[in-house]
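Undergrad: Starting from the known structure of chain A, arrange chain B on it as the hints suggest.
Chain residues, written in single-letter form:
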Amino acid sequence: MYPAPMEPASPTPNAPPRPAVRENEATARVVPKHHALVRLTHWVNFPTLLGLIATGLSIYWASPVFKHAFDPATGTREWMQDIGRAIAPLVRAQGDPRDAVYEFFGLGPRQLAVALRLHWALAYLFMVNGVVYLIGLAAGGGWRALLPRPSDVRETFAMMRFYLGVIPMALLRRPWPHPTITSKYNALQRAAYFTMPIAGALVILSGWAMHKPVQLGWLERLFGNYDNARIVHLTCMVVLGGFIVPHVILATADGWDTLRSMVTGWSARVKEEPHERA
Amino acid sequence: MSAPDEPREPTPPDEDEPVESAAPEEDDETEAAKPAPPAPAAPRPGFFAERPEVAVEVPRRRLAAQSRRDFILFAAGVIASGLGAWWLLPDRRKARLVGTAAHDRLDTLAGRVGLSRANREKALNGALTFDDDVAEALYSKDRRVRTYATSQRTPLKNNYHGRTPGPEILPGWTLNLTGLASGRDERLTLDDLRRFPHHEQTTRLVCVEGWSAIAWWGGVRFADLLAAFPPAPGARWAALRSAVSLDGAGRVEPYYVSIDLNTARHPQALLATHQDGAPLSLAHGAPMRLLVPMKLGLKNIKALTDIAYAADEPADYWNERGYSKYDGL
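Those protein sequences? They're chains A and B, same order as listed.
Residues in the first sequence are numbered from 626 upward in steps of one, following our numbering.
Residues in the second sequence are numbered from 191 upward in steps of one, following our numbering.
Excised from the complex, chain A in its bound form (with noise of 0.2 Å):
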């Protein structure tokens, strides 16, 4: 699980602080990151998610909600039909362009058997995997780390304002020191990954409410009808979805530290003072 500790961190009270790199000694100084079930989730999401995405394209393909009256301009009658047109050059689709978006992001237009088989078993990976996360955030006490607290609302805007200026003020050379956060994540992450599950659970329970109308009305009833639960899988499809780019951007950018914790579960970077009080 996590390295287990030899020794306090400050063994004498009057030392002063130790460099955080001590190459040469046996032991080294590091800080616990993530928990075994959370790196665990985390990488078996990736995939299932990306499949899941695939997968549910190839059925939406077969029936899709966000409709408009025929264009003979375009020759469409659906709006991801319409993005097909507009990505086509980029993903250099062969075929029928107005296919691109389940072409490339997805199993292909007319595979509903073997979409429908596949999304079946991931779905049942996702549930798995979403029970196991919410076991460990429950038992662990992780949550606390993710619920929204007073001072996020300031917080937000210092992050925006940060992330805003990254780069320009690296190119003019200025210095440009990151918020100072006392916590494990700081107000948008913590509203992202307080988001994420909440998405996930949605994404279930509107995917039960399309698939056992019938048996679970009470949850088709909660959704208001069968095709609003449709709109609300597909809204938390993109939600999801939408996560994962900026969080790969933001993860690799942070550097090898944050994406090795997600592997190992510690971080070497030992800050003598909270998070990134620079």
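Here are the simulated EDC-like cross-link-like pairs (lysine to aspartate or glutamate), alpha carbons at most 20 Å apart as the crow flies: (1) B:K347 <-> A:E703; (2) A:K809 <-> A:D777; (3) A:K837 <-> B:D332; (4) B:K347 <-> B:E399; (5) A:K837 <-> B:E399; (6) A:K837 <-> B:D322; (7) A:K809 <-> B:E243; (8) B:K515 <-> B:D450; (9) A:K692 <-> A:D707; (10) A:K837 <-> B:E326; (11) B:K347 <-> B:D466; (12) A:K837 <-> B:D450; (13) B:K347 <-> A:D852; (14) A:K837 <-> B:D323; (15) A:K692 <-> A:E703; (16) A:K692 <-> B:E399.
Over 12 Å on every C-beta distance to chain B, these chain A residues come out as not near it, computed from the model: (17) D696; (18) P697; (19) D707; (20) A711; (21) I712; (22) P722; (23) R786; (24) A816; (25) I823; (26) H872; (27) G880.
What the hints contain is simulated information worked out from the structure, not anything from laboratory work.
Only a predicted model underlies this, so the values are computations on that prediction, with no experimental measurement involved.
We put the beta carbon where it would ideally sit given N, CA and C, even for glycine.
TA: Chain B alone, transformed into the frame defined by chain A:
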């Protein structure tokens, strides 16, 4: 990934106790002058416990061993998901990803380690069967399908993949029953069937493709037919068949579905003869179709001609084409 099985450094036992009394780093600067509180014998945190983000001293060798183990597990996971994705992806998609020649070579390699097409079908069918078992476990004969007012009807399209049979099927139409307790086969005309009480219901028909429509149906209860002509003892299934179905080119191509008798006995399982208060149109299955709103639309067979009761699950048209067999909603 749990701690107990990992190799431990030969250290004194007390060193295994994580010392949680280490003051949080933030306090170091402000409280540096105060003497550190004595370390209380903190209980060892459980497996689930979230550890505070406080720097700890760890022997380098142990840290390296644990990190190596975690990266090996991670790499194994990456390889397993890569192989799994390759194995489960449809052939068409794989060929698009890597080109046909590489696809064939990689498929041969995957087949050598058991990731063959036959095994893939088996695994995917396993997922489907599991989902069907969940659906069957959820099913309750007493649970009513939600009904609507006739004013809430929505347009119902004819989604049959073949052509619609012409009116020539109507005059000589009979419903043929086999597998009955009496041992006889029955041929029922529409007039025979009209002797059963007429029931009406407005329910949602849900298609496997994702669309649905609320429609107003009328007909006789399947349960009444089962009571009047009971199946042979031991029968658990009904094989329903339309011998007059046509394929896309207009040739006769029988359509057939399997229905479990639990579903057939549901009070909202109708042998429908009417839609919107008028006799069924040919496009919607004249003269009689099955209406089981607790099943996907593809089980609601049109222009029904034969019902055979059986002990074992009969063939199902769409199941043979890769879809679920139970299709319970």
